[in-house]
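Top line first, the protein sequences correspond to chains X and F.
If you use the numbering used here, the first sequence closes out at 457, no skipped numbers anywhere.
If you use the numbering used here, the second sequence closes out at 457, no skipped numbers anywhere.
Since the hints were derived computationally from the structure, they do not count as laboratory data.
Yeah, the Cβ is synthetic: ideal placement off N, Cα and C, and Gly gets one too.
Just to be clear, a hint being listed does not mean it is correct.
As the list claims (entries may be wrong) - What follows is a list of derived Cβ distance ranges for each label pair:
(1) F:D433 <-> X:R311: 26 to 36 Å
(2) F:E292 <-> X:E310: 28 to 38 Å
(3) F:D433 <-> X:A359: 34 to 44 Å
(4) X:E226 <-> F:A98: 21 to 31 Å
(5) X:R405 <-> F:E292: 49 to 59 Å
(6) F:R281 <-> X:E303: 39 to 49 Å
(7) F:H440 <-> X:E310: 11 to 21 Å
(8) F:G263 <-> X:E226: 52 to 62 Å
(9) F:D433 <-> X:A360: 28 to 38 Å
(10) F:T124 <-> X:R405: 49 to 59 Å
(11) X:G125 <-> F:A360: 32 to 42 Å
(12) X:V37 <-> F:E5: 54 to 64 Å
(13) F:R20 <-> X:D422: 42 to 52 Å
(14) X:A360 <-> F:R311: 30 to 40 Å
2 protein chains.
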Amino acid sequence: MPIPEALTALEKILGDRLSRSKSDLDLHGRNETYFPVMPPDAVAYPENTGEVAELVRICAAEGCPVTGWGAGTSLEGHALAVRGGISVDFRLMNKVLAIHPEDMDVIVQPGLTREALNRELRATGLFFPVDPGANATLGGMAATRASGTTAVRYGTMRDNVLGMEVVLADGRVIRTGTRARKSAAGYDLTGLFVGAEGTLGLTTELTLKLHGQPEAISSAVCAFDEIGPAVDTVIETIQMGIPMARIEFVDAATAAAFNAYAGADMPEKPHLLVEFHGSRRGVAEQAQSFGEIVNDNEGVGFEWSSRPEERTALWTMRHNAYYACLGLRPGATALVTDMCVPISRLAEAVEATRADIEAASIPGPILGHVGDGNFHAILLVEPGNHAELEEAKWLSHRMVERALRLGGTVTGEHGIGMGKLDYMAAEHGPAWDVMGQIKHALDPQGIMNPGKMVRGN
Amino acid sequence: MPIPEALTALEKILGDRLSRSKSDLDLHGRNETYFPVMPPDAVAYPENTGEVAELVRICAAEGCPVTGWGAGTSLEGHALAVRGGISVDFRLMNKVLAIHPEDMDVIVQPGLTREALNRELRATGLFFPVDPGANATLGGMAATRASGTTAVRYGTMRDNVLGMEVVLADGRVIRTGTRARKSAAGYDLTGLFVGAEGTLGLTTELTLKLHGQPEAISSAVCAFDEIGPAVDTVIETIQMGIPMARIEFVDAATAAAFNAYAGADMPEKPHLLVEFHGSRRGVAEQAQSFGEIVNDNEGVGFEWSSRPEERTALWTMRHNAYYACLGLRPGATALVTDMCVPISRLAEAVEATRADIEAASIPGPILGHVGDGNFHAILLVEPGNHAELEEAKWLSHRMVERALRLGGTVTGEHGIGMGKLDYMAAEHGPAWDVMGQIKHALDPQGIMNPGKMVRGN
Numbered sequence: 001m002p003i004p005e006a007l008t009a010l011e012k013i014l015g016d017r018l019s020r021s022k023s024d025l026d027l028h029g030r031n032e033t034y035f036p037v038m039p040p041d042a043v044a045y046p047e048n049t050g051e052v053a054e055l056v057r058i059c060a061a062e063g064c065p066v067t068g069w070g071a072g073t074s075l076e077g078h079a080l081a082v083r084g085g086i087s088v089d090f091r092l093m094n095k096v097l098a099i100h101p102e103d104m105d106v107i108v109q110p111g112l113t114r115e116a117l118n119r120e121l122r123a124t125g126l127f128f129p130v131d132p133g134a135n136a137t138l139g140g141m142a143a144t145r146a147s148g149t150t151a152v153r154y155g156t157m158r159d160n161v162l163g164m165e166v167v168l169a170d171g172r173v174i175r176t177g178t179r180a181r182k183s184a185a186g187y188d189l190t191g192l193f194v195g196a197e198g199t200l201g202l203t204t205e206l207t208l209k210l211h212g213q214p215e216a217i218s219s220a221v222c223a224f225d226e227i228g229p230a231v232d233t234v235i236e237t238i239q240m241g242i243p244m245a246r247i248e249f250v251d252a253a254t255a256a257a258f259n260a261y262a263g264a265d266m267p268e269k270p271h272l273l274v275e276f277h278g279s280r281r282g283v284a285e286q287a288q289s290f291g292e293i294v295n296d297n298e299g300v301g302f303e304w305s306s307r308p309e310e311r312t313a314l315w316t317m318r319h320n321a322y323y324a325c326l327g328l329r330p331g332a333t334a335l336v337t338d339m340c341v342p343i344s345r346l347a348e349a350v351e352a353t354r355a356d357i358e359a360a361s362i363p364g365p366i367l368g369h370v371g372d373g374n375f376h377a378i379l380l381v382e383p384g385n386h387a388e389l390e391e392a393k394w395l396s397h398r399m400v401e402r403a404l405r406l407g408g409t410v411t412g413e414h415g416i417g418m419g420k421l422d423y424m425a426a427e428h429g430p431a432w433d434v435m436g437q438i439k440h441a442l443d444p445q446g447i448m449n450p451g452k453m454v455r456g457n
Numbered sequence: 001m002p003i004p005e006a007l008t009a010l011e012k013i014l015g016d017r018l019s020r021s022k023s024d025l026d027l028h029g030r031n032e033t034y035f036p037v038m039p040p041d042a043v044a045y046p047e048n049t050g051e052v053a054e055l056v057r058i059c060a061a062e063g064c065p066v067t068g069w070g071a072g073t074s075l076e077g078h079a080l081a082v083r084g085g086i087s088v089d090f091r092l093m094n095k096v097l098a099i100h101p102e103d104m105d106v107i108v109q110p111g112l113t114r115e116a117l118n119r120e121l122r123a124t125g126l127f128f129p130v131d132p133g134a135n136a137t138l139g140g141m142a143a144t145r146a147s148g149t150t151a152v153r154y155g156t157m158r159d160n161v162l163g164m165e166v167v168l169a170d171g172r173v174i175r176t177g178t179r180a181r182k183s184a185a186g187y188d189l190t191g192l193f194v195g196a197e198g199t200l201g202l203t204t205e206l207t208l209k210l211h212g213q214p215e216a217i218s219s220a221v222c223a224f225d226e227i228g229p230a231v232d233t234v235i236e237t238i239q240m241g242i243p244m245a246r247i248e249f250v251d252a253a254t255a256a257a258f259n260a261y262a263g264a265d266m267p268e269k270p271h272l273l274v275e276f277h278g279s280r281r282g283v284a285e286q287a288q289s290f291g292e293i294v295n296d297n298e299g300v301g302f303e304w305s306s307r308p309e310e311r312t313a314l315w316t317m318r319h320n321a322y323y324a325c326l327g328l329r330p331g332a333t334a335l336v337t338d339m340c341v342p343i344s345r346l347a348e349a350v351e352a353t354r355a356d357i358e359a360a361s362i363p364g365p366i367l368g369h370v371g372d373g374n375f376h377a378i379l380l381v382e383p384g385n386h387a388e389l390e391e392a393k394w395l396s397h398r399m400v401e402r403a404l405r406l407g408g409t410v411t412g413e414h415g416i417g418m419g420k421l422d423y424m425a426a427e428h429g430p431a432w433d434v435m436g437q438i439k440h441a442l443d444p445q446g447i448m449n450p451g452k453m454v455r456g457n
């Protein structure tokens with residue numbers, strides 16, 4: 001048990017920024033969903049890259065696990081300390097290091113949250129668009145390759161991280177990428193670390209792309225009698241090239257949850273929630289073109305609004321969908337599923353999922369980022385009810401198998417973490433072994449977020 | 001010398017599709033620019049993935065080098081057989097395997113050229129936008145992370161390859177990615193193989209994103225007295241969020257080359273060549289907004305046109321810029337430089353490069369994809385004139401050092417190949433060693449395109 005030696009050495013460099021209080025260990029052993037508590041042996045609060053590097057060198061010498069911690073908002077238990085060790089909480093590394101308005105990029109520390117970043121950017125006319133809903137840290141969002149409601153227009157973290165500083169498993173500090181918008185200089189290490197879920201190293205700095213705040217924004221909601229025409233509307237919209245900023249689907253059960261939780265007044269039917277960004281004229285034109293597609297598909301209630309308060313209310317409601325759905329079954333906890341398919345198979349995937357859930361004993365509203373072919377069911381289970389949790393897992397399993405059968409992926413945006421590890425072989429086949437080879441090359445002891453991502457880690 | 005054994009075994013499976021004719025070896029030892037001829041020992045023409053895998057297994061058993069070959073249009077000698085061995089020419093694997101119009105993707109073999117793909121797509125209303133100028137193969141474009149004139153709007157190969165089939169250095173065949181638009185399932189192997197220049201494996205299939213052919217296209221040219229205001233126009237345009245489809249810079253020397261080669265009638269001044277894609281009204285609005293920025297920066301001659309023949313003439317001229325510039329010095333060969341910087345440093349970088357070239361003894365028109373901060377000088381040297389080649393290399397060296405000093409990259413799009421290997425340490429520091437670790441993990445014998453990309457390979 002080499003962890004005590006690591007703790008002694010770490011205390012020397014971190015002092016009281018190495019915490020072993022029960023409440024801290026508990027907090028860093030918890031997750032937002034159904035996984036059991038898995039506390040680390042200690043929580044470190046480094047203040048700079050040098051401390052992170054020193055920390056990792058100590059842990060490497062002692063074979064002690066190291067797992068990064070951002071805001072704890074992951075839905076797949078990414079940051080759980082499966083083998084104990086050190087949870088590295090980045091809350092003290094939460095600064096904006098440099099804003100370059102002319103180049104539309106920003107350099108930040110990993111513990112900064114996306115909302116805090118956007119507050120700092122407000123006066124620049126720029127914003128950081130990736131929006132997974134939760135107020136996650138940017139380091140965590142990079143680690144899980146987060147996306148969310150705006151990815152259909154602005155891309156995911158894969159598309160919005162220009163470069164990183166990373167502390168590797170042996171304590172080496174590297175920089176990936178540059179501030180140039182593109183590069184053909186060697187292997188794309190930035191792309192490799194984005195989405196690696198902290199299993200190859202700890203990110204200590206990120207260079208992010210920014211986007212101009214649009215001159216005009218408008219949003220709208222419309223309802224459909226069936227899932228099919230709602231999804232057809234999405235497909236036609238994407239194919240027309242209408243540059244949707246957001247195009248979100250919620251099913252009838254989610255609409256009911258919005259009504260109950262947010263005092264909305266939506267018919268209990270499938271809906272699309274959309275947003276347009278652009279010039280005043282451009283937004284009007286986009287809204288008009290979209291409205292025609294809605295009409296062709298017999299959608300109703302489409303009315304667009306540029307009033308900020310209506311827009312804010314709409315997206316606040318959407319962001320709180322998780323809590324609204326939890327409210328459908330007071331006291332429940334949720335297993336949130338995640339799948340992503342080619343858009344031509346989306347209606348089929350949503351409808352089959354809906355049918356599965358209707359045949360099950362637990363409720364599960366469906367909603368998603370349908371412009372990307374990505375959706376979720378929020379499966380509501382009674383805490384401690386083993387049979388219900390198993391049923392939820394079975395429903396998730398059916399969704400995942402369906403995703404693969406339809407040419408898609410087992411996770412569009414929530415990542416692998418603890419919840420999807422068993423599907424890596426099915427999705428990747430022998431390519432999963434290649435991930436293992438890369439992991440082994442960069443972390444031969446397997447100390448970085450062990451128990452995740454690769455086979456036998 | 002294990003290569004003869006490999007050749008004997010390869011002949012058994014490929015028959016006369018393994019060529020050892022002098023003309024074939026010569027052809028596959030040549031390049032478009034200044035590198036000496038480096039022929040392979042044989043050229044293989046596989047017809048399918050199974051043959052490629054068998055070929056690689058044989059070469060792995062004998063330690064024989066394997067280098068992919070597309071259209072031979074690389075500008076950095078990527079496909080030269082530095083250590084001999086087998087050049088794998090993909091010309092027989094040039095089919096479109098499946099078009100999915102609803103999902104806006106296509107599955108192709110690597111030997112298909114981008115022009116052939118777009119011919120096949122014409123009736124679908126879709127197109128593949130990445131356009132490096134040359135009619136390169138899609139496998140080669142993926143290997144070098146190609147981009148070009150349209151990357152400012154549609155992204156580079158990094159952004160447009162959804163998935164790949166790859167034959168690894170031990171003959172294993174893997175698939176990366178899915179047909180879903182995004183995924184958070186594990187390490188981004190697609191991103192790792194795109195831009196790896198064939199040093200980690202040979203691509204045998206690609207799934208590519210397609211885009212809708214815009215309803216309206218218009219293009220324009222405008223002139224500036226100085227480089228500075230031309231670049232300021234670009235910066236303001238990007239910051240305004242005008243979704244330029246193309247925004248290209250050519251300097252006075254390039255304008256002169258166009259006049260001589262293509263019968264253009266351009267003032268011998270810096271120019272911007274631009275294109276707008278969108279709805280009819282959207283394109284008109286974009287052109288108007290751009291025109292205002294041009295006026296503010298005292299640009300002249302801005303007039304937009306939606307006439308296809310004018311547009312075609314403009315971009316044909318731009319695509320032939322390399323040959324137009326060669327025409328400035330009959331009989332010359334070219335060293336084409338490539339650098340990419342944050343856009344705020346672009347004017348400084350272009351002006352310093354212009355000054356360097358004016359102080360040198362060789363001509364070198366400058367042009368580039370300035371929306372991305374990426375530009376080139378086409379340095380014209382007399383074949384066999386060692387002093388001139390050294391001078392060109394020195395000019396390129398100055399550009400590369402400047403790129404790094406300004407926070408940019410030593411290559412925006414041409415890649416590393418033979419020409420930029422010496423700059424990998426300077427750009428990446430210890431991250432270059434990480435590339436070496438990945439290379440060693442996946443190709444421990446170093447048979448895949450040896451002599452390239454990593455240290456001591």
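Violations among the numbered hints, reported as their numbers in ascending order: Of the numbered hints, 1, 3, 6, 7, 9, 10, 14 do not hold.
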